[in-house]
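Visitor: If you want the building blocks of each chain, they are given just below.
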Amino acid sequence: MTGAPARTGPRVLRVYTLALIAWLVLPIAVMVLFGFNDTRSRQNFRWEGFTLKWYTHLFDKADLTTAVLNSLTIALFSTAISTVLGTLAGLALGRYRFRGRGAATLLLLMAIACPELVMGASLLSMFVTFGLPRGYPTVLAAHVMFSVAFVAVTVRARAAGLDPSVDEAARDLGAGPWTRFRLVTLPMLRPGVAAGALLAFVLSIDDVVITGFTGGATVTFPLWIYGSTRTGTPPQVNVMGTLIFMVGIVIAVVLARRAARRR
Amino acid sequence: MRRAGRGDEDGHGEARSLTPYLLVLPSGLWLLAFLAVPLVLMASLSLQTGNLVDGFQQTFHWQNYTDGLGTYGDKFVRSLWYGLLATAACAALAYPAAYWIAFHGGRAKSTYLFLLLLPYFVSFVLRTISWKLVLTDNGPVLGPLRDHGLLPDGFHVLDTGFAVVSGLTYGFLPFMVLPIYVALERIDPRVVEAARDLYAGRVRAFARIVLPLSLPGVLAGVVMTFVPVAADYVNAEVLGGPRNTMIGNVIQAEYFDNSAYPLASALSFTLMAMLLLGVFAYARALGAGSALEAARR
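Chains as they are written, first to last, in my numbering: chain A, 1 to 263; chain B, 1001 to 1297.
For the record, the hints were derived by calculation from the structure and aren't laboratory data.
Virtual Cβ for every residue (Gly too), placed ideally from N, Cα, C.
Each hint can be trusted.
Derived Cβ-Cβ restraints for the label pairs, each shown as a range:
#1 A:I112 / B:D1159: 30 to 38 Å
#2 A:G176 / B:R1208: 54 to 62 Å
#3 A:P133 / B:A1281: 36 to 44 Å
#4 B:A1253 / A:A113: 24 to 32 Å
#5 B:A1207 / A:R40: 55 to 63 Å
#6 B:N1138 / A:Y55: 20 to 28 Å
#7 B:G1073 / A:L186: 51 to 59 Å
#8 B:A1207 / A:P133: 53 to 61 Å
#9 B:R1107 / A:P133: 53 to 61 Å
#10 B:V1053 / A:Q43: 34 to 42 Å
#11 B:A1253 / A:P133: 19 to 27 Å
Here are a few chain B residues that face chain A, going by a calculated C-beta distance under 7 Å:
#12 L1023
#13 V1024
#14 P1026
#15 S1027
#16 F1034
#17 L1039
#18 A1097
#19 H1104
#20 F1121
#21 S1123
#22 V1125
#23 V1134
#24 N1138
#25 Y1261
#26 L1275
Just a sample of chain A residues kept apart from chain B, beta carbon distances all over 12 Å, derived:
#27 F50
#28 T51
#29 L52
#30 Y55
#31 T56
#32 D60
#33 D63
#34 T65
#35 L76
#36 G135
#37 P187
#38 A194
Given these sequences and hints, build the entire structure.
Guide: Here is the structure:
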C-alpha cells in the first residue's frame, strides 16, 4: 500500500469536509439572500427580485425591534451577573477543598446536563405554584441560572491549573486578600473568565426554550422568530440575522487574531 | 467585595476556611432557587389534580404518569428514535471531517474548524427556518428540480420525519464536531506512525489506535447532542408538520394550550428520566466495551 492509495484517502476526506462545510453554509447563504428578496406577501419563500428596502425599513416592525433589544439587554445583564457569580464559584471549586464541594459540583453538573425543556417546564411550574407573574425579570433569572454553571466550570478548569505559590508570594509581600484577588488571581484567571463570559452571552442570546417558558409577554429575538413561523417570517428577520452574523464573525476573528498574537 | 480575613489566612485547601463558602454561596443560592426548587415543585405538581380555574391540589395522583405514557407513548418513542437517528447522523458526518482537519488540516486547521462552526453565529431558530426554506416545495433547491420535471408528482420533503431528522442533524452538528475534533487533535501522530512501523495496515492502525483514543470525544459529543435533540420541539414544529410531533411539542402544548400543568410536569419528568437513563446506560455500555477492548490487547 504505497503511492496512490496513501494519497487518495486524505484527498477524498478533503472533498468530503469541504462538502460538509458547503452544506452547513447553504442555509446561512439562503438567509442572507432572502434578506434582499423583493417579496410582496408575508411568505418569504420564493425569489422575487433584488431589493435593499428591508435594510432601510429594518426597524419598521416595532415589536421585532423590541424583541432584538430585549435579547441584547438580557444577554448583557445575564452575562455580567453570571460571570461574576460563576467566577467566584469556579475559583472556590478550583482552588479550595471544602465540605459541600461535591454537592456544589453536582448542582453545576445538573444545570449543564438537565434538558432545557425540563428546566423551562420546572421554572414555569414554580412561577405557577407561587403565582409569580412572568416577564423580563424571570427570563433574566433563568438565563443567569443556566449560564452560571458554564462560567463556573470554565473558570474552575483555569483555577485548578494555577500555581498557588504565586498567591502565597503575594501574601508574604504583605498584600491583603482583596489586593491579591485583584492584582494576582483575577489576571491569571482572565482567559477562563473571558471564555465563560463568551459562552454565557452566546447561550443567552440564542435561547428559545427556557425563554419561551419563563417569558410570559416578554419576547426575545429567537422567540419572535419562532412565533412568526406559522404566519410567515418577514425579511427583516433575515436582515437582523445577517447583521448579527456579520458582527459575530468580526468579533470572533478579532479575538482569534489577538489570541494568536499573544501566543 | 469583602472577604473573611481570618478564613483567608488559612491559605489554600484548608477545611476551616470560610472563603470558599462565601465564594460559592451566591451561585449556589441562585441554582437552588432557580433549578433545584423548581424541580422539586414540578415533582410535586406532577402528582396533583385540578385545573387552572379552581387551582391544583396535592392528591398523589400517580396516574398522571401512567396517563402521560399511555396517551403519548408513541411521541416518546418517536422522540427517542429521532434523537438516536440525528445523533448517529451527526457522529457519522462529523467524524471524517474532524479526522481530516485534525490529521491533515495543516496550517489551515483552525480556519476549517471555524468554517464548520459558522452556523453557531446564526440563531438556532433562524437556522431552522432557513433550512425549511431550502427544503420547501418551491424553494431554491426543490423548485428548479420540479420545474425541470426531475421530481415525481407529489414529492415533498417538508412535513416528513426525514425533514425533522435532517433539521436536527443540521442544527446540532457543531455540538458533535467540537468534542470529536478535540479528542482527535490530542492524539500524537507518532503513535499512529509507530503502529504503521509495526506493520499495522492503514485500517488496522485506525481501528486499533485512532478510533479507541478518540472514543471519549465521541462519547462526549453523543451525550451533548442526544439530550437536547430528543427534547427539541422547534424542528418538529417548523419542519415536521402536524404528523411528526415530538414529546417536546406535546409538553409545550399541555402547558400553554391546555394549562394541564400536572400532566405536563409528569411528562417532563418522564422525559428527563428516559434521557438520563439512556445516557447512563450508553456510558456504561461504552465503558464496558472499551474495557473489553483493552483486555483483548
